[in-house]
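As given, the protein sequences belong to chains A and B, one line each in that order. Residue 1 is where the first sequence starts when you use this note's numbering, and the numbers rise one by one after that. Residue 226 is where the second sequence starts when you use this note's numbering, and the numbers rise one by one after that.
No lab work stands behind these hints, which were simulated from the structure alone. Quick caveat: nothing in here was measured; it's all calculated off a predicted structure. You may find that some hints are simply not true.
30 Å max Cα-Cα, derived DSSO-like pairs, lysine-lysine [as the list claims (entries may be wrong)]: (1) K570(B) with K197(A); (2) K515(B) with K139(A); (3) K197(A) with K537(B); (4) K152(A) with K483(B).
Pulled from the structure, derived: some chain A residues nowhere near chain B, Cβ distances all over 10 Å [unchecked claim]: (5) R118; (6) K139; (7) D184.
What follows is a set of in silico ranges between Cβ atoms, one per label pair, in the way DEER data are often shown [claimed, not checked]: (8) S545(B) with D135(A): 37 to 45 Å; (9) T511(B) with R118(A): 31 to 39 Å; (10) I477(B) with K213(A): 18 to 26 Å.
All C-beta atoms in this analysis are idealised placements derived from N, C-alpha and C, irrespective of residue type, glycine included.
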Amino acid sequence: MKLLLIEDEAELAKSIQEYLNVNDFVCEWVSNFSEAINKISIYNYDCILLDLMLPDGNGFDILTELKKQNKTDGVIIISAKETLESRIEGFNLGADDYLTKPFHLSELLVRIQALIRRKQFNGNNKIVFNEIEIDILSKVVTVNDEIIDITKKEIDLLLYLIGNQKRVLSKAAIAEHLSGDMADMLDNHDFVYAHIKNLKKKLRNSQCGDYIKTVYGLGYKWQNE
Amino acid sequence: MSKKLLHKTQQVYLVFSVAIFIVVAPLFYFFSQKFYIENTDETLILYKTEFIQNSISKLKENDIAVWNSYNTRTQIQESIGLKTDSLFYTTYFNQVEQENEPYRELNSPIRIQGKLYTFSARVNLVESEDLMTSIALLFFILILLMLLGLFIITKKLSLSLWKPFYKTLRQIEDFEINKKSQPQFSATKIEEFNRLNKSIENLIQKNIVIYENQREFVENAAHELQTPIAVFKAKIDTLINRSDVTQGQSGILSSIIKSIARLDRLNKNLLFLSKIDKNQFSETHTFSIKELIENQLDFFTEQAKQKNIKIKTNLKGVCSINSNIGLTEILISNLFLNAIRHNVKNGEGEVNISLSEQKLEITNTGSLEELSQKKLFNRFSKSNSSEQGNGLGLAIIKKIADLNNWEISYSFSDNLHFFSVRF
Numbered sequence: 001m002k003l004l005l006i007e008d009e010a011e012l013a014k015s016i017q018e019y020l021n022v023n024d025f026v027c028e029w030v031s032n033f034s035e036a037i038n039k040i041s042i043y044n045y046d047c048i049l050l051d052l053m054l055p056d057g058n059g060f061d062i063l064t065e066l067k068k069q070n071k072t073d074g075v076i077i078i079s080a081k082e083t084l085e086s087r088i089e090g091f092n093l094g095a096d097d098y099l100t101k102p103f104h105l106s107e108l109l110v111r112i113q114a115l116i117r118r119k120q121f122n123g124n125n126k127i128v129f130n131e132i133e134i135d136i137l138s139k140v141v142t143v144n145d146e147i148i149d150i151t152k153k154e155i156d157l158l159l160y161l162i163g164n165q166k167r168v169l170s171k172a173a174i175a176e177h178l179s180g181d182m183a184d185m186l187d188n189h190d191f192v193y194a195h196i197k198n199l200k201k202k203l204r205n206s207q208c209g210d211y212i213k214t215v216y217g218l219g220y221k222w223q224n225e
Numbered sequence: 226m227s228k229k230l231l232h233k234t235q236q237v238y239l240v241f242s243v244a245i246f247i248v249v250a251p252l253f254y255f256f257s258q259k260f261y262i263e264n265t266d267e268t269l270i271l272y273k274t275e276f277i278q279n280s281i282s283k284l285k286e287n288d289i290a291v292w293n294s295y296n297t298r299t300q301i302q303e304s305i306g307l308k309t310d311s312l313f314y315t316t317y318f319n320q321v322e323q324e325n326e327p328y329r330e331l332n333s334p335i336r337i338q339g340k341l342y343t344f345s346a347r348v349n350l351v352e353s354e355d356l357m358t359s360i361a362l363l364f365f366i367l368i369l370l371m372l373l374g375l376f377i378i379t380k381k382l383s384l385s386l387w388k389p390f391y392k393t394l395r396q397i398e399d400f401e402i403n404k405k406s407q408p409q410f411s412a413t414k415i416e417e418f419n420r421l422n423k424s425i426e427n428l429i430q431k432n433i434v435i436y437e438n439q440r441e442f443v444e445n446a447a448h449e450l451q452t453p454i455a456v457f458k459a460k461i462d463t464l465i466n467r468s469d470v471t472q473g474q475s476g477i478l479s480s481i482i483k484s485i486a487r488l489d490r491l492n493k494n495l496l497f498l499s500k501i502d503k504n505q506f507s508e509t510h511t512f513s514i515k516e517l518i519e520n521q522l523d524f525f526t527e528q529a530k531q532k533n534i535k536i537k538t539n540l541k542g543v544c545s546i547n548s549n550i551g552l553t554e555i556l557i558s559n560l561f562l563n564a565i566r567h568n569v570k571n572g573e574g575e576v577n578i579s580l581s582e583q584k585l586e587i588t589n590t591g592s593l594e595e596l597s598q599k600k601l602f603n604r605f606s607k608s609n610s611s612e613q614g615n616g617l618g619l620a621i622i623k624k625i626a627d628l629n630n631w632e633i634s635y636s637f638s639d640n641l642h643f644f645s646v647r648f
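Isolated chain A, as found in the complex:
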């Protein structure tokens, strides 16, 4: 998978690159508008991560340029700008997702995965991890071909964990992912524990491997045994 990261903040860009390159992603990075325009006209990307405020131009113009060149690259806007107008304008210009800074890298990763899934599989959305199979559209999870009873939130958590497999996920990151818009108001992340516990129990009850590891003091990790 080829990704293009358009971001002027070098330190942030480095971290994003580092986090994403572990997967089967190749993440290229440009830090300004003109370089970005060069890259998008030459190559095709599976996903473009776009910062709106660039030193020599506006991220929206990159979206316009993509449209002009009839490119169908998926675009996730990553911006500190968080207004309804900028969101609407972004989506109108063809962006697929909008992630406000600051975000957790794990959140960015699952958003990229979701976007690529939507772009490539045209609706046939199944995620398989060993004996676990998740149908994203119908929200059905089967373990060893048996449907398990699982809530929407637990599916969300499962996808998040599998999407970020082999990474340590802090409780704060999981809480922010699960609570969505409410995250800014929540100051107690203890509910994550309850969700993890429930999910673990449900998986264990259906003879599923114990993939969810507790990382002492830090959070949780999904790991193949």
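Knowing the structure of chain A, use the given hints to seat chain B on it.
Frame of chain A, contents of chain B only:
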């Protein structure tokens, strides 16, 4: 106690008029009486002079009885031994009126055919009393009319004179610094009011600039912090994934993660507050509060479970309102979370939500002390500094309520905290 300006003026006028009346009325009476008696005395002397000039030389001693029978006001009596004229008050019984009446009488020694007599002339003072009463009445009416006139004139005059003042006052009262509308003072014909308007305008202008600067500062500061926080967050996410993190380090990392999450939240809330100030939530729809609560209930029940708190709902009304959905959602979820966050730590906790057509009330158990009403809705006012909340929740609630002209109130009774919003 403050009174209206007009009442104050009228009060002074009233006191002044009454004082004048009290002082002048007896003086007026005294002098009128004095002048009247002097006048009467002159009349009596005139009677005597006329008598001496015209009648005394023709009058015989034998005619005295006849004279007396024809004259009622003047009488000639046996001498009572007077040497000079004497003027005095006396009373006579009036046969017609059947009562004693006051008189002024002059007794004067005269000689008729060489023999000493006393000439006496008198004037009835009843008339003078009537006159006095009439004059006093007239005087009273005059004062009353003057007072009334004064009242009406001051009232009319004040109302028209002070009109620009009241207009200005009303505009200042309606002025809110966070709203876009500025008071428009129209020019008046009175210099003082023009000066007043001018200075208020300057004052407001200055304050708006200061307020704007402050708002922009908070917004810019919060905005600029987003990127370093993003870097911070990303670095931590990378760091915790390193395989060489020791147990000791992970303890430190864990508290850094908590702090960065808190910083992030705080910053987002500050940004959010300034966004409300900038009126970025002007889009409105009609929707039902009941539905909104029901949609969020699962999430809050989940949160409440962590602290063993029971949530009871009593949603009687639908409460359909027209407002910005996003903001209303945030108001309600903040109220909810507040009730959960500040609840009792272990078990027995309760949150009651009741909704009528106009009012949402959230009741929760919690600290056994009433919160300070005064500071409750201020930014960063926390009843207890060790609490996790960032001190912006209630400020956000208040801001949203103010924006929509909803009335938000807090009360404390039976160890329960009541927060209510009247839509």
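Is it the case that K139(A) keeps its Cβ farther than 10 Å from each residue Cβ in chain B? K139(A) clear of chain B: closest Cβ-Cβ about 16 Å, beyond 10 Å.
T511(B) paired with R118(A), Cβ distance criterion 31 to 39 Å: Given range 31 to 39 Å: holds, Cβ gap about 33 Å.
For K515(B) and K139(A), compute the direct alpha-carbon distance and say whether it is at most 30 Å. Holds, because 28 Å separates the two Cα atoms, which is no more than 30 Å.
Take a quick look at whether K570(B) and K197(A) sit within 30 Å of each other, Cα to Cα. With Cα atoms ~22 Å apart, K570(B) and K197(A) stay inside 30 Å; holds.
Least C-beta distance from D184(A) to chain B larger than 10 Å: violated (5 Å)
If we take the beta carbon of R118(A), is the closest beta carbon in chain B still more than 10 Å away? Label holds. Min Cβ-Cβ 24 Å, cutoff 10 Å.
For the pair supplied as a hint, K197(A) and K537(B), is the alpha-carbon distance within the 30 Å limit? holds (26 Å)
Given the hinted pair K152(A) and K483(B), is their Cα-Cα distance within 30 Å? It holds: about 26 Å lies between the C-alpha atoms, which stays within 30 Å.
With respect to the beta-carbon atoms only, verify the hint that S545(B) and D135(A) lie 37 to 45 Å apart. holds (38 Å)
Just to be sure I understand the hint, the distance between the Cβ atoms of I477(B) and K213(A) should be within 18 to 26 Å; is that true here? holds (21 Å)
Checked against the numbered hints above, the structure breaks only hint 7 and satisfies the rest.
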